[in-house]
Every structure is written in C-alpha cells, then in structure tokens.
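Listed below, chain by chain, are the residues.
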Amino acid sequence: DTEVTQTPKHLVMGMTNKKSLKCEQHMGHRAMYWYKQKAKKPPELMFVYSYEKLSINESVPSRFSPECPNSSLLNLHLHALQPEDSALYLCASSQDVTVNEKLFFGSGTQLSVL
Amino acid sequence: GENVEQHPSTLSVQEGDSAVIKCTYSDSASNYFPWYKQELGKRPQLIIDIRSNVGEKKDQRIAVTLNKTAKHFSLHITETQPEDSAVYFCAASAYGNKLVFGAGTILRVKS
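Sequences listed follow chains Y and H, in order. Per our numbering, the first sequence starts with residue 3, numbered consecutively. Per our numbering, the second sequence starts with residue 47, numbered consecutively.
Extracted from the complex, chain Y is given alone in its bound form (with noise of 0.2 Å):
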C-alpha cells in the first residue's frame, strides 16, 4: 500500500465552527506532515511530526491543532478560522525526518471557511 489517505475530500465551515481532518498511511512511515496550498502555489509547510512527536511547528496559529495518535495516523483539528484559511490541505509521509526521503501526499481536504 503506497498510499496516504486524507478525509475529508471537502469541508465547508463557519468560523465558529469546530473540525478535523484526519490523514491516514500504511507504509510503516514515520515522519508525517500537514502543508497548505493554496491555488498554483506551492505546498507551504505547517507541521512535522517524527516518530509520534512534533518536531517542526512552522510558527502556525493556534486555531490550527496537530495531533499524532499512533504513527499511522495524523490529524488537524481546527477552530475559529478565517475566511483566508481556505485552501487545500495536504498530508504527507517519508520513511523518516532525517534522511532526505521521498514524500508521499495525499489527496487532499479542500477547506472553505465561510
């Protein structure tokens, strides 16, 4: 299984509203990431966790919460947005943080905060 499984696909939400998305990987990976994109740009990097733990915390606000709760799964929980954090969410994964590995993204969650 060389996949990275994101859900939701899309997610519409107010700003008072409170959220998930939830990534998921089998590759026995142990570096997974989350990274915003917004529209023909490049994949921005939010948070990395390595072996369970975060490692890189890229100055994200605090309405964006990471969570770790195994090491094949990763989540984003979200809370009072703004309307600018509409964007694509992207999980990924590699073998591990250290080495320069190969990435593996997900699909993605298209997020609009209303």
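These aren't lab readings, by the way, just hints derived from the structure by calculation. All values derive from a computational prediction rather than experimental measurement. Be a bit skeptical, because a hint or two may be false.
Pairs of lysine-lysine residues, derived as DSS-like cross-links and limited to a Cα-Cα distance of at most 25 Å, are as follows [what the hints assert, rightly or not]:
#, chain 1, residue 1, chain 2, residue 2
1, Y, Lys42, H, Lys88
2, H, Lys88, Y, Lys40
3, Y, Lys55, Y, Lys38
4, Y, Lys40, H, Lys144
5, Y, Lys104, H, Lys117
6, Y, Lys40, H, Lys68
7, H, Lys117, Y, Lys43
8, Y, Lys43, Y, Lys11
9, H, Lys68, Y, Lys104
10, H, Lys88, Y, Lys21
11, H, Lys88, Y, Lys24
12, H, Lys156, Y, Lys42
13, H, Lys68, Y, Lys24
14, H, Lys88, Y, Lys43
15, H, Lys103, H, Lys117
16, H, Lys103, Y, Lys38
17, Y, Lys104, H, Lys114
18, Y, Lys104, H, Lys156
19, Y, Lys43, H, Lys156
20, H, Lys88, Y, Lys11
21, Y, Lys42, H, Lys114
22, Y, Lys104, H, Lys144
Have a look at the derived ranges for each label pair, beta carbon to beta carbon [as the list claims (entries may be wrong)]:
#, chain 1, residue 1, chain 2, residue 2, range
23, H, Gly101, Y, Lys55, 32 to 40 Å
24, H, Asp73, Y, Lys55, 20 to 28 Å
25, Y, Asp98, H, Gly47, 19 to 27 Å
Just so you know, even glycine gets a beta-carbon here, dropped at the ideal spot from N, CA and C.
With chain Y fixed as given, assemble chain H onto it according to the hints.
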C-alpha cells in the same frame, strides 16, 4: 535558509516538442532535489529526484540534471504529450532539513 527559484512560471509547447524547467538554489549544503507534478485538482506526485552525488538521472521521457558548482538543476521532458500538462514544482533540501519548493511552472502541451 534555503531559497529555490524556478523558471519559467508558464511554458507552452507543441505536442512532441521538449520542455525544460530550471531551478536554482542558494544553500550549498542542499543534497536532495525532487521534482513533483501536480495535475489540476490532484495531489503532488514525485516524478523524479536526484541526489548531489549524481549529475544526471533519466526515467523514460524525463531527465533531471544537476550542476552543483552553479547550484542549479533542470527538468527535461522529451516528446511531450497532452497528459504532461500540469504544474511542476522543483524542491531542494539539505540533510535533515525541510524541503523548500520552487514557485512552480505551469506546463501546457498543445495538441
């Protein structure tokens, strides 16, 4: 930190022609250079990558070249087909550091 510049921002070619996209990087410690293809509405997919101990790598119609002295690397696509139309991102990273992406190139292959 690392900075990656990518050119051109858009590229239109006739089907069957070659396409070349160039990237320059700033950190001489960078040693891993992947290229991602992203079709409209889809995930970025790794199409080829190269490490700093190699000057060139080929995979069928796709090749990547690396010039460490000049700190630039290029993607070459030969015999382009309509399905090659997508946004292409180059990236660079040093050992243990995060991947830094270029701004992307929109490639259009006209049939």
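Hints, one by one, checked against the model:
no.	hint	verdict
1	Y:Lys42 to H:Lys88	12 Å, holds
2	H:Lys88 to Y:Lys40	13 Å, holds
3	Y:Lys55 to Y:Lys38	20 Å, holds
4	Y:Lys40 to H:Lys144	19 Å, holds
5	Y:Lys104 to H:Lys117	21 Å, holds
6	Y:Lys40 to H:Lys68	22 Å, holds
7	H:Lys117 to Y:Lys43	23 Å, holds
8	Y:Lys43 to Y:Lys11	19 Å, holds
9	H:Lys68 to Y:Lys104	20 Å, holds
10	H:Lys88 to Y:Lys21	23 Å, holds
11	H:Lys88 to Y:Lys24	17 Å, holds
12	H:Lys156 to Y:Lys42	20 Å, holds
13	H:Lys68 to Y:Lys24	35 Å, violated
14	H:Lys88 to Y:Lys43	13 Å, holds
15	H:Lys103 to H:Lys117	17 Å, holds
16	H:Lys103 to Y:Lys38	30 Å, violated
17	Y:Lys104 to H:Lys114	20 Å, holds
18	Y:Lys104 to H:Lys156	31 Å, violated
19	Y:Lys43 to H:Lys156	23 Å, holds
20	H:Lys88 to Y:Lys11	11 Å, holds
21	Y:Lys42 to H:Lys114	28 Å, violated
22	Y:Lys104 to H:Lys144	12 Å, holds
23	H:Gly101 to Y:Lys55: 32 to 40 Å	37 Å, holds
24	H:Asp73 to Y:Lys55: 20 to 28 Å	26 Å, holds
25	Y:Asp98 to H:Gly47: 19 to 27 Å	21 Å, holds
Figure legend: structure checked against the earlier numbered hints; hints not met, in rising order: 13, 16, 18 and 21.
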